Amino acid sequence: MSGDYGIDELMVAALAREMPNDTRAFNGAASFMPVCAFMLARETHAPDLVWVASSIAVDPSPPRIPESTLSDALWDGASMLHSSAFDFWWYAQNGRLNSFCFRGAQIDAHGNVNNTVIGPYATPKVRLPGGGGMADLSCQVPRVYLWSTTHTPRVFVETLDFRSGMGWGDGPGHRERLGLEGGPRLVVTNLCVMDFPPETRRMRLRSVHPGVTVDDVRAATGFEVQVDGDVPTTPEPTREEVEIIRRIDPTDMRKRELAGG
Amino acid sequence: MSGDYGIDELMVAALAREMPNDTRAFNGAASFMPVCAFMLARETHAPDLVWVASSIAVDPSPPRIPESTLSDALWDGASMLHSSAFDFWWYAQNGRLNSFCFRGAQIDAHGNVNNTVIGPYATPKVRLPGGGGMADLSCQVPRVYLWSTTHTPRVFVETLDFRSGMGWGDGPGHRERLGLEGGPRLVVTNLCVMDFPPETRRMRLRSVHPGVTVDDVRAATGFEVQVDGDVPTTPEPTREEVEIIRRIDPTDMRKRELAGG
Amino acid sequence: MSKLETMDEAAGRVVDGSTVAIGGLLMNGAPMEFCRALARRGAKDLTVVAIVAGPSVDWLVAGGCVRRAIIGLVSMEGFGLAPHFRRAAERGEIDVEEWSEHTIICGLQAAAARLPFMPTKAGLGTDMPGLHPERTEVVEHPRGTYLACGPIRPDVAVVHVHEADVNGNCRVLPKLVWMDSELVKAADTVVATTERVVPERTFRAAPERTTYPGFTVDAVVEAPLGAYPTSLFPWHGYDGAFVTEYLAACRDPETFAPFWRDRVMDPEDGPALVDANGGAATLLRIRSAGGTA
Amino acid sequence: MSKLETMDEAAGRVVDGSTVAIGGLLMNGAPMEFCRALARRGAKDLTVVAIVAGPSVDWLVAGGCVRRAIIGLVSMEGFGLAPHFRRAAERGEIDVEEWSEHTIICGLQAAAARLPFMPTKAGLGTDMPGLHPERTEVVEHPRGTYLACGPIRPDVAVVHVHEADVNGNCRVLPKLVWMDSELVKAADTVVATTERVVPERTFRAAPERTTYPGFTVDAVVEAPLGAYPTSLFPWHGYDGAFVTEYLAACRDPETFAPFWRDRVMDPEDGPALVDANGGAATLLRIRSAGGTA
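Residue numbers (my numbering), protein chains in the order written: chain A, 1 to 261; chain B, 1 to 261; chain C, 1 to 293; chain D, 1 to 293.
Among these hints, one or two may not hold up.
[To be verified] If you want the ones that stay clear, here's a sample from chain D, every Cβ over 12 angstroms from chain A, calculated: (1) Thr6; (2) Ser18; (3) Gly80; (4) Arg87; (5) Ala112; (6) Arg135; (7) Arg143; (8) Ala186; (9) Pro258; (10) Glu268; (11) Ala276; (12) Ala280; (13) Leu283.
[Unchecked claim] Which chain D residues face chain A? A few, computed with CB under 10 angstroms, are given here: (14) Ala113; (15) Val139; (16) Ser181.
[As the list claims (entries may be wrong)] Calculated cross-link-like contacts (lysine-lysine; reagent style DSS-like; alpha-carbon spacing at most 30 angstroms): (17) D/Lys175 / C/Lys3; (18) D/Lys3 / C/Lys175; (19) C/Lys175 / C/Lys3.
Don't read these hints as lab results, they were simulated from the structure.
Just so we're clear, the structure is a prediction, and the values are computed from it rather than from any experiment.
Quick reminder that beta carbons are idealized off the backbone N, C-alpha and C, glycines included.
Here chain A stands alone, though its shape is the one from the complex (with noise of 0.2 angstroms):
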């Protein structure tokens, strides 16, 4: 297919096609286009992909996804309801559940991200709502997924103005040196797929989305990214995953999330 789909398929199409069979996730809040990715994924190359959706509800089949993806129309048919958020987090920390998805008001280039402040955290120019569960998960499960719907150099900096989220920190070996396990797999936005080779831990051009060259890409980041050869084209979703991300989320909160959207 060609043309006939919206930017926020394509990164929806990309980030599940990343969700192994094996993956166990779960998600926060205002997270509809990971929740669309599970979803996805789960209905094609995936069927035994775990979700907990809200980090509440195992393995739910919503008819469609509602306005709050920590709304409770987001339960329907269960297999479980946890009753507080602490019980699951055990499952958080010993690797039953392995997949969180993310993003943040600024990332730097090893995926860390700040969701705190925007200038000095004592005084800062635009107080965000910090880091949430967030800072916690991006120390605590082995796989992350980074999404943003917004890469431009004000997004993707030099030098995060306060480090709220744990990527692959200061480069290789941070994290393992601090014992924690796994680390930022991908980055998926707008404009192209980012993944993080192992002997420098920093972005690296995976692919660029169709109409959109590596030059484009460069331009809207604030460091440097790594560029190894030439570099593809992201596949265009299938027709096939169109019509299911369309039948999931029918009221397109998906596209909340992209700028002005």
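Fit chains B, C and D to the given chain A structure using the hints.
Frame of chain A, contents of chains B, C and D only:
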């Protein structure tokens, strides 16, 4: 009344009278006398006493005491059933629950308890059950009541073979140094009632049961019992108390704890 | 011996300058009526503990009650930043002591267990521990590095529940407490506001469904619709339309003053608050799960 | 993708020399059929983790499976000491690593959270920490002394539940897990033996009643009467008459051998075991809560 009661009823009544109205108690395994005492106190002078049966069932009204103090037959009419002991444990640590009773194979003058081994730990003469929850709760719960139906020099010893449970430790100040609140308040045995005055935190004779002399207690105790002046006689249980105990425990489970009973 | 109190009596348990923990999570399950009562009383200089908050903390800040906020996150979820919280932080009118979800839970548990700290791997490698090194210390241990989270011990914790009795027994449906149970463990005084007061026998008839036992709760306040405009699943969703109007009103002090008076503060209880914000039509709109505004 | 296994397959997951955690509490809710299967297979040199145990550990010791026991307490509750456990400990045939209820829980939680230890005030001032100073260390901290409990990470944990499905979802009634949930958190492999296998829809119809989510359970074994002779509240009590006979038989090797063979080991499953111990009359006797023998 005189004579128309057993030593079991005297002990239960003596224990119950020491439970103030703000008692929030729980029981573990093989704790018939404490359970009788909680229920008796609740029916007499301490109507607001909270009792969590088996550390599971809050404020139950069992028709009679069953053959195990961990049995679900003890939980009739509870206002809450905890799902796990760990959940409940928070309340033992934060002071919401404040009272626990236990006994042991050996008890020393400071109210420390051994329920682990007779003889050396590695090559025991008798391997006992182990410290279990008593080892924990003796540190965590501020109001501890000890009971023993076998007041003999083999149980009340100068030196424990193993300290499984913490009483007043090595004496005044020991619990405070470790940051442990409260400590043992009382010992009710088949011969007498003893407490732990702050100056020594060693057992002091508070009353002897009817027909028992101070010398009887001294002869039955492996350490020097503190005796301050005249020692009164433990009040007999009232007719009402005896009637309540026999109604609560019509099949005499409490008597199983008596030596040879 | 009943633990029933009026909302004002219960709010009076929060002394100026003390630490109060507020339940709920973002747009869900917060004790909003209690927050209004604090603001109405003119509570001052509070340290607010809120793991993941939204309108609750924003109203307390708007009401001038807050000096310090110990938080993991404060926002209006998909609707935007929490405007009063944000502005007060940017102007330095409140101190924001940022922790995170799990580290606040660890701090609350350390307080509950009377321990010097609880360890976690959360927050390692981030800038957060450096904000309060006296309370969150990175420690290298031969078996691994951990973050030691010192105790957070609220004077009062407030949670909103579906049903409670005069003894303080509380039931949350379907036992979904978000992270409120951590506040209940740690606080010296616990206040439960409840949609309805039910007879004691309701609890004894289904004891496995009791969420907080009576001996952990010090005061019960009947507060129907007490979480509005946040959700109370499965009984109602949050009121997204209200939040949108609230955020619009917050942009300008001139529009905010009458909104705050008429649409937030003046209505005397939950039903009156809903009436001031659309009445029956609003209830109908939010009654289905998910608060489809 | 079904997680259903035979009892023997599941027991085969416990490798000789490995660490296996056994659920239940004293005379209640223990996976006795699994213990019999381990003994029948001739499992060897196991380290058994049991927080508060009774017949389960005694049978594993009697079966010659145990080299080391990490325990808080082992006894037959009101019936007396656990005879094989006691004798093996006294003869030095097994190493008994005594912790306590709360410290074992802390050790399991340290393992679950991949932390070097979990702190507690339990055990302070007692001789217990000195038994394994490399794993339980008394630490003085400026805010207070604590006991650091190092990780206890079982290779396999086994718990008995009322209902499970092929996906591993488990339901315990009325969510009474004693301390089994701590084992489930900490172990690398989790086996649930279940009174009955139910359809997946049973869980989806009442998801708030699910105890262990499927993704935490690796194998499910159908094992009706799988806790006998311990209780499975609220379905049946323990069999006190059996325990009394067992203890009497244990006094003499000559009486024990046939008892062990005919009344414990040979019956092929739970129903057969009950049949060997009184059959329907036994079920009738123990069916009322409390196991009034």
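Here is how each hint holds up against the structure:
no.: 1; hint: Thr6; result: holds, 22 angstroms
no.: 2; hint: Ser18; result: holds, 18 angstroms
no.: 3; hint: Gly80; result: holds, 36 angstroms
no.: 4; hint: Arg87; result: holds, 36 angstroms
no.: 5; hint: Ala112; result: violated, 5 angstroms
no.: 6; hint: Arg135; result: holds, 18 angstroms
no.: 7; hint: Arg143; result: holds, 22 angstroms
no.: 8; hint: Ala186; result: violated, 7 angstroms
no.: 9; hint: Pro258; result: holds, 44 angstroms
no.: 10; hint: Glu268; result: holds, 32 angstroms
no.: 11; hint: Ala276; result: holds, 37 angstroms
no.: 12; hint: Ala280; result: holds, 35 angstroms
no.: 13; hint: Leu283; result: holds, 31 angstroms
no.: 14; hint: Ala113; result: holds, 4 angstroms
no.: 15; hint: Val139; result: violated, 19 angstroms
no.: 16; hint: Ser181; result: holds, 8 angstroms
no.: 17; hint: D/Lys175 / C/Lys3; result: holds, 28 angstroms
no.: 18; hint: D/Lys3 / C/Lys175; result: holds, 28 angstroms
no.: 19; hint: C/Lys175 / C/Lys3; result: holds, 22 angstroms
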